[in-house]
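Engineer: One letter stands for each residue in the lines below.
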Amino acid sequence: MTSDTQKEMACQELVEVITDYLEGTLPELERVRFEAHLRTCPACHEYVEQMRALIRLSRGLTARSLDTAAVDSLLHAFRDWRDSQTGM
Amino acid sequence: MALIAEVRISDVDLIDRLRGGDEDAFVWMVNTYGGSLKRLALAFVSVEAVADEVVQETWLAVITGISRFEGRSSVKTWLYKILTNRAKTRAMREKRTIVFSELDGASPPGEAAVDPERFLPADHPVNPGHWASPPDQWSGSAEDKVVGREMMEVLRRGLDALPPAQRVVVSLRDVHGWPAAQVCEALALSEANQRVLLHRGRSRLRGVLEDYFAGNA
Chain A
149 MTSDTQKEMA CQELVEVITD YLEGTLPELE RVRFEAHLRT CPACHEYVEQ MRALIRLSRG
209 LTARSLDTAA VDSLLHAFRD WRDSQTGM
Chain B
154 MALIAEVRIS DVDLIDRLRG GDEDAFVWMV NTYGGSLKRL ALAFVSVEAV ADEVVQETWL
214 AVITGISRFE GRSSVKTWLY KILTNRAKTR AMREKRTIVF SELDGASPPG EAAVDPERFL
274 PADHPVNPGH WASPPDQWSG SAEDKVVGRE MMEVLRRGLD ALPPAQRVVV SLRDVHGWPA
334 AQVCEALALS EANQRVLLHR GRSRLRGVLE DYFAGNA
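Heads up: the protein sequence lines correspond to chains A and B, in order.
Quick note, this note's numbering runs 148 ahead of the 1-based positions in the first sequence.
Quick note, this note's numbering runs 153 ahead of the 1-based positions in the second sequence.
Among the clues, some could well be false.
Per the computed footprint, the stretches of chain A lying under chain B, defined by three or more beta-carbons under 8 Å from a beta-carbon of chain B, are [stated by the list, open to error]: (1) 178-187; (2) 195-208; (3) 217-224.
Interface residues of chain A toward chain B, partial, derived using beta-carbon atoms under 7 Å [unchecked claim]: (4) C159; (5) Q160; (6) P175; (7) A191; (8) W229; (9) R230.
These are calculated hints, taken from the structure and not from any lab test.
For glycine and all other residues, C-beta sits at the position ideal for the given N, C-alpha and C.
Please build the complete structure, drawing on both the sequences and the hints.
Structural biologist: Structure, rendered in C-alpha cells:
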C-alpha cells in the first residue's frame, strides 16, 4: 500500500477531502489513501463517524409543508384565473 | 413515496390540464411540488412564515404564468426559477441577502475544516499534519434520545448561523435530502462549488456539535 508515489494521507488533509469522499467524487487513488489512513487512525475514523452522524441528524430538522387553508386560498386564485380566461 | 411517483402526471399533460382549468391537476401540482418549494424558500429566508408567503406568491405567479409557459424546461425547473427569484427579492428586503458571489464564481480563499492549530506542524519529524488534539468520541452517543432535543436545537441554531450560501446548500442537501444535481440546478451552481459550500457548512456544524459535546455550546 505504501510506496514512494503513494504518500500516507495526513489527518489534516483527510478533514479537507472528507466531503469529496462521502460524495463519491474523490479520485480512485485518493480514495485508496483515504481508506488506508482510516484503518490506522482511530481519531480520523471517529471524525468520519461524526460527519456521518451529523448528516443523519440533519434530516431531523425538516419543515412542515403547506396547510389546507393555504391550498384552499390557492384554489380560489386558480378558479378566478380560469374564470377570467373563459369569461365566465 | 413510490406511490406518488407512480401517479405522476407528465409535464405536457399537466400544463394542458392547467390551461383547461382542471382543478385536480392544480391541486396535484401544489401537493407534489409544495414541499420542495417550501424547502427551497426556507433556504433563502429562514423564517417559516415568510417562506410560506414566498411559496404562496410563487403559486400565484404560476397561475398567471401558465399561458406563457413554453415547455423549454421542466415544470419543476420552471417552478424553482420563479420561487428562487421571489425568495431572493424577499431575502433582500428582510436584509438576509445571500452573497451570490459565494454561490457562483470563485470561492473565497480557504476556510479550514478544522482549526490548523489542532494538527502537528508540517515540519513535524514523525507525524506531520496528524492530530495534536484529536476529536473526542461522541459520534456513538449523538443519536441518543436523551441528548436529542437539546442537541437538535443547538444544531438548528448552528445551521441558521452558517454563512447564507453554505446554509442554503446544507439545508437542501442534508436537511431536505435533495440530490447534488438538483441543488446545482435550482441554485445555478457548479458541482464543484456546491461541494465546497457543503464541505464548509458541514465542517462548521461538526464543530458546533463538538463544542456542544465538550460542554461549551
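Engineer: Could you run down the list of hints and mark each one as holding or not?
Structural biologist: Okay, the hints, checked on the actual structure:
Coverage of the region 178-187 of chain A by chain B is violated in this model, with 0 residues showing a Cβ closer than 8 Å to a Cβ of that chain against a need of three. Residues of the region 195-208 of chain A with a Cβ under 8 Å from some Cβ of chain B number 13, which satisfies the need for three, so the listed coverage holds. Under a criterion of three residues with beta carbons nearer than 8 Å to beta carbons of chain B, the stated coverage of the region 217-224 of chain A is upheld, 5 such residues being counted. For C159 (chain A), the suggested interface contact is upheld, since its CB lies about 5 Å from the closest CB of chain B, less than 7 Å.
This hint holds: Q160 (chain A) has a C-beta 4 Å from the nearest C-beta of chain B, less than the 7 Å allowed. Proximity of P175 (chain A) to chain B is violated relative to the hint, the smallest CB-CB distance being about 13 Å (cut-off 7 Å). Below 7 Å, beta-carbon pairs count as interface contacts, and A191 (chain A) has one with chain B at about 4 Å; its hint therefore holds. Hint status for W229 (chain A): holds, given a least beta-carbon distance of 5 Å to chain B, under 7 Å.
Interface hint status for R230 (chain A): upheld, as the beta-carbon distance to the closest one in chain B is roughly 4 Å, under 7 Å.
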